[in-house]
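Number of protein chains: 4
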Amino acid sequence: MTDYKIKKIAVLTSGGDAPGMNAAIRAVVRTSNYFGLECYGIREGFNGLIDGNITKMGPRSVSNIINLGGTILRSARSEDFRTEEGRKKAFEQCQSNGIDALVCIGGDGTFTGAKIFNEEFGIQTIGVPGTIDNDIFGTDTTIGYDTALNTAMDAIDKIRDTATSHNRIFFVEVMGRDAGFIALNSGIATGAVDILIPEQKDSMEELFDTFDKAAKRGKNSSVVVVAEGEKLGNVYDLSEQTKKKYPNYDIRIAVLGHIQRGGSPSCADRVLASRLGYGAVTGLMEGRNNVMAGMRSNKLVFTPIEEAIKKHNTINKDLLKISEILAL
Amino acid sequence: MTDYKIKKIAVLTSGGDAPGMNAAIRAVVRTSNYFGLECYGIREGFNGLIDGNITKMGPRSVSNIINLGGTILRSARSEDFRTEEGRKKAFEQCQSNGIDALVCIGGDGTFTGAKIFNEEFGIQTIGVPGTIDNDIFGTDTTIGYDTALNTAMDAIDKIRDTATSHNRIFFVEVMGRDAGFIALNSGIATGAVDILIPEQKDSMEELFDTFDKAAKRGKNSSVVVVAEGEKLGNVYDLSEQTKKKYPNYDIRIAVLGHIQRGGSPSCADRVLASRLGYGAVTGLMEGRNNVMAGMRSNKLVFTPIEEAIKKHNTINKDLLKISEILAL
Amino acid sequence: MTDYKIKKIAVLTSGGDAPGMNAAIRAVVRTSNYFGLECYGIREGFNGLIDGNITKMGPRSVSNIINLGGTILRSARSEDFRTEEGRKKAFEQCQSNGIDALVCIGGDGTFTGAKIFNEEFGIQTIGVPGTIDNDIFGTDTTIGYDTALNTAMDAIDKIRDTATSHNRIFFVEVMGRDAGFIALNSGIATGAVDILIPEQKDSMEELFDTFDKAAKRGKNSSVVVVAEGEKLGNVYDLSEQTKKKYPNYDIRIAVLGHIQRGGSPSCADRVLASRLGYGAVTGLMEGRNNVMAGMRSNKLVFTPIEEAIKKHNTINKDLLKISEILAL
Amino acid sequence: MTDYKIKKIAVLTSGGDAPGMNAAIRAVVRTSNYFGLECYGIREGFNGLIDGNITKMGPRSVSNIINLGGTILRSARSEDFRTEEGRKKAFEQCQSNGIDALVCIGGDGTFTGAKIFNEEFGIQTIGVPGTIDNDIFGTDTTIGYDTALNTAMDAIDKIRDTATSHNRIFFVEVMGRDAGFIALNSGIATGAVDILIPEQKDSMEELFDTFDKAAKRGKNSSVVVVAEGEKLGNVYDLSEQTKKKYPNYDIRIAVLGHIQRGGSPSCADRVLASRLGYGAVTGLMEGRNNVMAGMRSNKLVFTPIEEAIKKHNTINKDLLKISEILAL
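Protein chains in written order, with the numbering used here: chain A, 85 to 412; chain B, 85 to 412; chain C, 85 to 412; chain D, 85 to 412.
I should point out that these hints are in silico values taken from the structure, not numbers from a laboratory.
For each residue, glycine too, the CB sits at the ideal point set by N, CA and C.
You may find that some hints are simply not true.
Said to hold, decoys possible - Derived contacts from chain D toward chain C, CB cut-off under 8 Å, selection only:
hint: 1; residue: Gly120
hint: 2; residue: Leu121
hint: 3; residue: Gly341
Unchecked claim - Sample of chain C residues with no beta-carbon within 10 Å of chain B, all distances over it, derived:
hint: 4; residue: Arg110
hint: 5; residue: Gln208
hint: 6; residue: Ala236
hint: 7; residue: Asp241
hint: 8; residue: Phe292
hint: 9; residue: Ala299
hint: 10; residue: Pro331
hint: 11; residue: Asn332
hint: 12; residue: Ile335
hint: 13; residue: Val339
hint: 14; residue: Asn374
hint: 15; residue: Glu391
To be verified - Once the Cα atoms are required to be at most 25 Å apart in a straight line, the calculated SDA-like pairs of lysine to any residue come out as:
hint: 16; chain 1: D; residue 1: Lys91; chain 2: A; residue 2: Lys91
hint: 17; chain 1: A; residue 1: Lys297; chain 2: B; residue 2: Ile156
hint: 18; chain 1: C; residue 1: Lys140; chain 2: B; residue 2: Glu408
hint: 19; chain 1: A; residue 1: Lys91; chain 2: D; residue 2: Lys405
hint: 20; chain 1: D; residue 1: Lys89; chain 2: D; residue 2: Arg166
Only chain A is shown next, with the shape it has when bound in the complex (with noise of 0.2 Å):
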């Protein structure tokens, strides 16, 4: 083994938590010791930073949670890292403990801190995209993301038993903050009858429209999926808009929520995880900087963190025209 320059890595998950952060710590823990180098686990995202919540981790620290939702490092959305005075601290930290690099595991507000963090007092950091709202440039997807797909699809589908037993219309609200990527999959996924997100300007006239075409074809119940973000109004609005329009439908209202953040990850986050927290590390090691570490087409490669949070994926136009031809 070469002589690194670094010699102590610290991890830290920070915003939202996504199935699979586990596994990325996993990986960052057990790479970093294979190639001889220091790990600590900071505990509850920069504000364990701040605080110097900051433990030793082993290969045995992180025995037996690659199949384990939610991250034993905990998560924080830190107020006090948005100062100065906070990220001064948190370097502090940084010097007494020794630590040389920082990988950073959370969405566009974590490597906003981590981006920031880097500028100001030069610690080597690199970004690793864990969320499930699959909105981070520079990666096919996000760990997390395909697990929320598969949770919500389940849930989708246990509704649909019910919608289909009663002729009713359910309102299903998916999560994704502003990107419709959860709610146009799971809706593919499921038959719904139509996807409302917000990368698409949508009307009540062409959901309408949409119920008719349904209704002309037999189909008594029906299944819309709404992103969180949709700029036509939230499942409520477009519930009581729906009533109005159509008094005798029977409808529902369901949001999703919480459960799509947890649970057990899927193999392909398993495996994302994994790789990208091997990335990590081994970019480091390279001396790479201000980074974040995605998969593309089966490839790990990396971008640059403010091109991460800047830019974004776009969603597939065809995938929305296949799912009007197929729900009908």
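Fit chains B, C and D to the supplied structure of chain A, relying on the hints for placement.
Positioned in the frame of chain A, the structure of chains B, C and D alone reads:
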């Protein structure tokens, strides 16, 4: 095979759908067929009986449905069946189709309808308890209850992942109408810090006391499971009052909703439904009338339908005590 | 709180592991703690008692384990505990650690060891039935059984997908040692065309007769569920003989194996384990000795451990009849 | 809509069934219908084409199947289609039914048959990769592969529960024929101590070395995942040789078998199948022939069917390295 008085049995599902209803339909159809009786399926509950939405069913009509959620016969709540005129039409349908006996799968609303119809027109009738709420007397558990428990538990397990990762408090609403069975059992199974059910008088003071005790013991995250019929307030009220008392708490809400009605039935529900469907047909053949088929202490029993509606299984108070002790 | 005679309880898991053992351990530890008793965990069954592999456990030692399969205390079959010398060492460990009472979670092998140890050395002992096989007298179900049923059912559901798609016959072996409970219930739940269990005399002629009847009714694919203790032969024997008789049949074998022992426990198993763990500690506090805590008709009951070992729950013969009727 | 040359499309599934085939059938039928083409379903693969087991399918024929495992069209391996005579009959069926174009869903066996048939009789043909093995060139993943990965992973997770509880070594055989994709990915996802795949030369010495290293690091239990095509030996051979070397090891075997072919498809598989089914029909409409529809880097691509059969996706060697590093 002896000469049974009845020749033609019809089966319907009514009220809220429950996982295992299909397994019960399958058992009614195949048992009828085995004993040389004709079997008819009535679609959309009592509405289908009124409208003559009735089809003959053979053993192959119910192939590959034992594992499906929902009900292939569909279900509905019937306003018309509440009128004498509606029931008269239903009786005429029975006569014109030659239907001697009815198997009504559902909850207490279904049974009330069945009882009145039986008393008015004399069609031999038997009830099968199919509801996730477990609020029917005369059977240890109702069809769908065990599946709903597991669905609620899986969802709360996922929520707990994120609660633990973020030091959050979650108020989780589960189904069960006026009964706390789902809340109590899913709460114990997920280590909920508190469980609020309508069968017990609760107060905000006691809830706050529980939070304080949990905090003292180093528990940073908590899940409170709340039955939908809870009298202290719904999850929104409870959350608001808790927020007032503990402004620093990060509190979230989850309403599990209709996912609890769907999904592939558990093994226990499929076996229960199979036994009760079989028991309903053999009960009819033995001349039983205006009763419900139930399973108590692993034995088939018949309870006058009036009792099934009026009496209630009581919540096991020991369980409440145990839940408090084990959550700490 | 009154002055109990016992001060220190120790808990162990022994024999084959079963889902829900962790929930039982959690209940023992937290109930002990609640009543002011000290609680110790013995690792790797009776071996750990002999070797002094014993640690104190507090309420936080059992956090976040209620949903985990396996046993955090690990399990083992102990050869040494079968010797007087081994048991003597175990007793010395009890004395030196001040252990007054033992909770032994396991099956009949575990209980046999516990009984002999109790009779030889007088340490107050209580058994908790933890085995997927459900072959213990004195409780309606054992911890792990319900989960194993659901695991077996899910696996057979998947196998049925491929059986149906290919017009195949599958012989599926499920666990249960000399007991047919898992086979019978998972077989009914999956619509198996035949179910072979040791409690019933089977013959190849009857099996072939079943295949012929199924073929006559247009059933092209079949699943036969076979208990591992079946006396007519194992799945390989049965397959071979069937192939001889029906050379054109496309026959496959599946041995479900150890997946049936693992997995997150079902709601029923977690609640059962919680109640029995609680019951074991309160039973010890009431002075009960050499008994097993069980749940019958939803009530906590204690059965002399000798009876629990020697007597057996009998298979419900009605179920066998029902399985035949419904499979057609 | 333009005037397409083709008027009638027929679809079949052939070879081993895979989860998601139904979603692909649904997409073919609904896309055809959307573009005004007639669509026919051929039952039991090429056998059904030979025997004229063909039915017209409309949008409602494929309702509620997107979530079902297996294939509603059934599948078979056809001996007759390997003969010129059989293929001639198949062509006559196409002619008499007016079928212009074929969508063949399956693996390389299916594609080989389709290619020969196309070259002999000129019926326009397109392949859709449906196999859990992921051994088809021209697509990043095949339909069913992601579901099989998750099924294998869930099963190994359960086995690991019992392995950990008992300090056992398990050799687990997973499917994949000559390809190690399932083994490699499910092995990484479950933290397998070693993964044996046909694409890599393995030796017992290296395996023993892995065991020794694991023991040195305090790992008491291990899961070794073995691809069914592994050349070093099958799980029985490997177990036997390991037992000889380490007589004290408690070694068990699990052959996951056909559960890997069944089950409700994952979200990724349902979306992939929907896109490829859509792509197959639009490909035919564009005049594509003797090609396979695949998805590479999230884009629909067409590959000459000959290449799809002959070339192979190579195992990512990085993954093997990562699996070694992370398992320690």
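Interface hint status, Leu121/D versus chain C (Cβ within 8 Å): Violated, about 26 Å.
Looking at Asn374/C again, its CB stays over 10 Å from all of chain B? Asn374/C is indeed farther than 10 Å from all Cβ atoms of chain B, at 24 Å.
For the hint on Gly341/D, just tell me whether its beta-carbon gets within less than 8 Å of chain C. Hint holds; Gly341/D Cβ to chain C Cβ min 5 Å, cut 8 Å.
Verify the proposed pairing of Lys297/A with Ile156/B, using a straight-line Cα cut of 25 Å. Holds, at about 23 Å.
For a C-alpha distance cap of 25 Å, please report whether Lys89/D and Arg166/D respect it. Judged against 25 Å, a Cα distance of about 29 Å means the pair is violated.
Checking a non-interface call: every C-beta of chain B should be farther than 10 Å from the C-beta of Glu391/C. Is that right? holds (19 Å)
Can we trust that Asp241/C is non-interface, i.e. its beta-carbon lies farther than 10 Å from all of chain B? At about 5 Å from chain B, Asp241/C fails to clear the 10 Å cut-off, so the statement is violated.
Taking the shortest Cβ-to-Cβ distance between Val339/C and chain B, state whether it exceeds 10 Å. Label holds. Min Cβ-Cβ 19 Å, cutoff 10 Å.
Outside-interface status for Asn332/C - nearest CB in chain B farther than 10 Å: holds (22 Å)
Does Phe292/C really sit off the interface, with its C-beta more than 10 Å from all C-beta atoms of chain B? holds (20 Å)
Holds or violated: is there a CB of chain C closer than 8 Å to the CB of Gly120/D? This interface hint is violated because 30 Å lies over the 8 Å limit.
In terms of Cβ atoms, is chain B entirely out of 10 Å range of Gln208/C? holds (21 Å)
Of the numbered hints stated above, those contradicted by the structure are hints 1, 2, 4, 6, 7, 16 and 20, listed in ascending order.
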